[in-house]
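A.B. asks: What follows is each chain in one-letter form.
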Amino acid sequence: MKNNMEADLVIIGGGIAGTAIARELSKYKLKTILVEKNYALTNGQTKTATASIYSGLVMIGSLIAKSILLKPGEPLYNPDGFKMRWCESGFKEWPKVFDDLDIKYLRLPVLVFARNEDELEGLDYYEKVAQQMGEEYVNSYRKVTRDEIFELEPNLTKNAIRGLYDENHLVDAFPPEIAIAMAENAKQNGVEIILDAEVKNISKHNAHHIVETKQGNIKTNYIINCAGGYADKIAQMGGGCDFKFNYKTSTLMIFDKNKRSLLNSMVRTPCKPGYLEFLKPTAHGNLIGTSGSYGTVDGCEDTEIILKDGIEGAKGVSDLVPGVTRKDVINLWRGVRAFGTKEPDDYLVEFSPFNEKLINIVLRAPGIAGSLGLSKHVVEMLKGAGLTIEEKSNFNPKRKAIPKFSELSDEERNELIKKDPLYGHVICRCETVTEGEIVEAIRRGAISEQGIKFRTRAGMGRCKRGFCGPRVIEILARELNIPITEVVKRSYNSVLIPYKAKELLLEKEEALVR
Amino acid sequence: MISKNNNIDVLIIGAGPAGLAAAIRAKEEGVSNVTIIERDKVLGGLLHQCIHNGFGLWYFGQDMAGPEYAKKFIDRVKEMGINILLDSMVLNITPNKKVTFCNQNGVQTLNPKAIVLAMGCRERTRESIMVSGNRPAGVFTAGTAQRFVNVEGYIPGKEVVILGSGDIGMIMARRLTLEGLNVKAVVEVLPYVGGLIRNEVQCLHDFDIDILLKHTVSWIHGKERVEGVTISEIDNNMMPIAGTEKDVDCDTLILSVGLIPENELSTMAGVKLDPITNGPIVDEYRMTNISGIFAGGNVVQVHDLVDNVSWESEIAGFNAARYAKGEKFQEGAIKLIPGENIRYIVPQVISGKEDVTLYMRVKDPKEMVMVKVGDVIKKTERVVKPSSMLTYDLSYEKHLSKLPQDTKEIMINCEEKGK
Numbered sequence: 016m017k018n019n020m021e022a023d024l025v026i027i028g029g030g031i032a033g034t035a036i037a038r039e040l041s042k043y044k045l046k047t048i049l050v051e052k053n054y055a056l057t058n059g060q061t062k063t064a065t066a067s068i069y070s071g072l073v074m075i076g077s078l079i080a081k082s083i084l085l086k087p088g089e090p091l092y093n094p095d096g097f098k099m100r101w102c103e104s105g106f107k108e109w110p111k112v113f114d115d116l117d118i119k120y121l122r123l124p125v126l127v128f129a130r131n132e133d134e135l136e137g138l139d140y141y142e143k144v145a146q147q148m149g150e151e152y153v154n155s156y157r158k159v160t161r162d163e164i165f166e167l168e169p170n171l172t173k174n175a176i177r178g179l180y181d182e183n184h185l186v187d188a189f190p191p192e193i194a195i196a197m198a199e200n201a202k203q204n205g206v207e208i209i210l211d212a213e214v215k216n217i218s219k220h221n222a223h224h225i226v227e228t229k230q231g232n233i234k235t236n237y238i239i240n241c242a243g244g245y246a247d248k249i250a251q252m253g254g255g256c257d258f259k260f261n262y263k264t265s266t267l268m269i270f271d272k273n274k275r276s277l278l279n280s281m282v283r284t285p286c287k288p289g290y291l292e293f294l295k296p297t298a299h300g301n302l303i304g305t306s307g308s309y310g311t312v313d314g315c316e317d318t319e320i321i322l323k324d325g326i327e328g329a330k331g332v333s334d335l336v337p338g339v340t341r342k343d344v345i346n347l348w349r350g351v352r353a354f355g356t357k358e359p360d361d362y363l364v365e366f367s368p369f370n371e372k373l374i375n376i377v378l379r380a381p382g383i384a385g386s387l388g389l390s391k392h393v394v395e396m397l398k399g400a401g402l403t404i405e406e407k408s409n410f411n412p413k414r415k416a417i418p419k420f421s422e423l424s425d426e427e428r429n430e431l432i433k434k435d436p437l438y439g440h441v442i443c444r445c446e447t448v449t450e451g452e453i454v455e456a457i458r459r460g461a462i463s464e465q466g467i468k469f470r471t472r473a474g475m476g477r478c479k480r481g482f483c484g485p486r487v488i489e490i491l492a493r494e495l496n497i498p499i500t501e502v503v504k505r506s507y508n509s510v511l512i513p514y515k516a517k518e519l520l521l522e523k524e525e526a527l528v529r
Numbered sequence: 172m173i174s175k176n177n178n179i180d181v182l183i184i185g186a187g188p189a190g191l192a193a194a195i196r197a198k199e200e201g202v203s204n205v206t207i208i209e210r211d212k213v214l215g216g217l218l219h220q221c222i223h224n225g226f227g228l229w230y231f232g233q234d235m236a237g238p239e240y241a242k243k244f245i246d247r248v249k250e251m252g253i254n255i256l257l258d259s260m261v262l263n264i265t266p267n268k269k270v271t272f273c274n275q276n277g278v279q280t281l282n283p284k285a286i287v288l289a290m291g292c293r294e295r296t297r298e299s300i301m302v303s304g305n306r307p308a309g310v311f312t313a314g315t316a317q318r319f320v321n322v323e324g325y326i327p328g329k330e331v332v333i334l335g336s337g338d339i340g341m342i343m344a345r346r347l348t349l350e351g352l353n354v355k356a357v358v359e360v361l362p363y364v365g366g367l368i369r370n371e372v373q374c375l376h377d378f379d380i381d382i383l384l385k386h387t388v389s390w391i392h393g394k395e396r397v398e399g400v401t402i403s404e405i406d407n408n409m410m411p412i413a414g415t416e417k418d419v420d421c422d423t424l425i426l427s428v429g430l431i432p433e434n435e436l437s438t439m440a441g442v443k444l445d446p447i448t449n450g451p452i453v454d455e456y457r458m459t460n461i462s463g464i465f466a467g468g469n470v471v472q473v474h475d476l477v478d479n480v481s482w483e484s485e486i487a488g489f490n491a492a493r494y495a496k497g498e499k500f501q502e503g504a505i506k507l508i509p510g511e512n513i514r515y516i517v518p519q520v521i522s523g524k525e526d527v528t529l530y531m532r533v534k535d536p537k538e539m540v541m542v543k544v545g546d547v548i549k550k551t552e553r554v555v556k557p558s559s560m561l562t563y564d565l566s567y568e569k570h571l572s573k574l575p576q577d578t579k580e581i582m583i584n585c586e587e588k589g590k
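Residue numbers (the working numbering), protein chains in the order written: chain A, 16 to 529; chain B, 172 to 590.
Honestly, the hints are just simulated from the structure, not real lab data.
Some clues are possibly wrong.
[Claimed, not checked] DEER-style ranges, computed between Cβ atoms:
1) B:Asp211 / A:Asp425: 21 to 31 Å
2) B:Lys212 / A:Glu426: 24 to 34 Å
3) B:Asn276 / A:Ile225: 47 to 57 Å
Glycine included, every Cβ here is placed at the ideal spot set by N, Cα and C.
Just chain A, same shape as in the assembly (with noise of 0.2 Å):
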């Protein structure tokens, strides 16, 4: 608990939309707090998301599929939108970002293929689409005969007759080491970060507001409101809110590394509304995959697995590339997407109507390729509005990663050992995750299971945690200096190992006596 906090700025909210906009707002000499409130960046829909950055094919796919939520009549497109405008410059601005904070990320071709004349009918549309989408699109892909297919994907299913493939428009990264990238370079720059400080109430007082958080009461000026799927309950406690959601759904899945050889690119069916079904290589060798429609949910918190579009969606899977199965599955989870009632088929950015000093964002996927447009044009808001904003002289655009063990080569990792023997022990078996790599995490500001495992990846192997749990448990333990009891995997109310051993047996003894 802290007291007396101020800032000229208040982000609230550590997921894409909140850690690109406090790194844009570090360049500037101006006290910003960002308050997340679980115990690890990004648990909403960044964590969720799969990371395609992209134009060409991909693009106009994702804008058939998502055209369920347009009105009738209305463009599949808007080119003069915050979404379209940023989506584009984003896919352009992104890798020089992602050196820049040394996030491991993978450019693939992109193959969207037919297998039947409902599919080629789909293919057909995708042209017709990026005929109205202007010569960029148009000359993003060429088309492929079967043949060329499988010289290409060896390993697709022999039902494909023809396809479209897009060599350059698509980059993978993880979401969550993109966020936390953002954030640890965010801090460097001075920007304070603080976890488990869920906000509480808003009040207004004349020029300035006080945003009280679990971990104390925060004095600002301006207040930025990237809450994701609780952006509309920040809005109203901030004077008013005018938008509502819908939340759709999907289930995603991963797949073993043993597979990741199969493919050289994402391949996938014609998207059509409401439905996509792709398989694709992740920057850090997995293959992540989907098949399936976008159901309608109640709220941004109704992510639960279910069972029957697990095998759906891996039979969709297997019928796109056969040597992948069920059995390859190694994690599953269902994202869901908040589509704000107000710019449905737009982010939503803009100073509350109730409140000049609150800004409210509401992205909607793509939402990860847009951000850095979306941090530059709030700083533009800022300025517009009045406040005085001044460039730092000592700005440092760099972060280094935490340094990954598995991807050295043995001569680098004898170097890091020889200076700190922690990275000669590894903790995480399917990952090779070393103890140096998670002490280092929670040296930047991990305290939880989830914030070790999206900074270092252990964890995130095909035992899940068999191995290393009980061992990462023990080092967060040690290093933040709690008992083993109090150790969580993401927010205050998620305890591992609530006991120690035979406390239950003296409650009860206890309760005897007494």
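Assemble the complex: chain A is given as a structure, and chain B must be docked to it using the hints.
C.D. replies: Structure of chain B alone, referenced to chain A:
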């Protein structure tokens, strides 16, 4: 230390029951440098957390707890002057048997004459079986929970439901009950108990713990920590039947839903796996398709008794030592083919020139069956169950020498009597 690692005859990967037995047997064969490499800080592997009894009944003729059983082997390993590398993780094995490992001294590469793979197995997870519902804290595999309770001294919750009636699941049901937890049910998708009968009696019946057969956990409740589960009957496709749901309050769900041999290193070395056992395809010497790489214990097939793990690994250790000494082996000329109601057979290939013990599992439980090994063995079994491994000794003199010269395959069937 470094010099000791230079001329290794037999390198054993893993110091659980398989690795220890293989190392001892290899050393007994007279090779000078047998080295065990182990990622943990101590020898013994999973045996340290298996503080229940039932170990060694066959191997030692004595009922022991896991750590006791381990100690017998560990003492012997130390007496014999076997080289030990602890706290060391193998990162890679190449097909020409170069083994790279790391520990707090750095990364090193070893070049042993022979290798025994003894990495054991890992547990299947909630994600791999896709249990529906939230993803809160409080879902553990049985082995992980066992480590917390028996090694670390912590307990995972107060009220528990266990999915899967494998041996570890049933043993944990008893262990947690003794720790003061309320084990509300053991839920099993199969129409019969997954583990050994003795565990069903001693761990469940003796403690009045309910077992629900042909049921599953169809939903996990609780956003941050488990708050309960829904248990449902399942249909023949293992899917929950609507209308049969029962909600049970609990703060912990423990999974005992199967074990998978841990063969990532084997695959790196080019070792071919059997898609049924998920372990290496081996011959009667427990040699894999890669010359000089042997395998034993749960890395080959998931055993139900540690005694069998020890025995099987001794075969691997013995032959790895012979290989290191330059001895030649008979070629694996005969394939063993799983026929009616046989799920798998280990070894998968034999030479036909030596005595061999076959380990097998059936697909479905049956009563009064005739197990036929080609035409050479016919044996009536009163009860066969997938959870109880069948073992048969094939002798060269009595059985294999009777086979026609050009025999390429022997099929093994488990037929219902009267057929």
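A.B. asks: Within 47 to 57 Å or not, the Cβ separation of B:Asn276 and A:Ile225?
C.D. replies: holds, 55 Å
A.B. asks: Given a hint of 21 to 31 Å, does the C-beta separation of B:Asp211 and A:Asp425 actually sit inside it?
C.D. replies: Because 23 Å falls inside the window, the suggested range holds.
A.B. asks: Does the hinted range 24 to 34 Å hold for B:Lys212 and A:Glu426 at CB?
C.D. replies: holds, 27 Å
Violation of the numbered hints given earlier is absent; every hint is satisfied by the structure.
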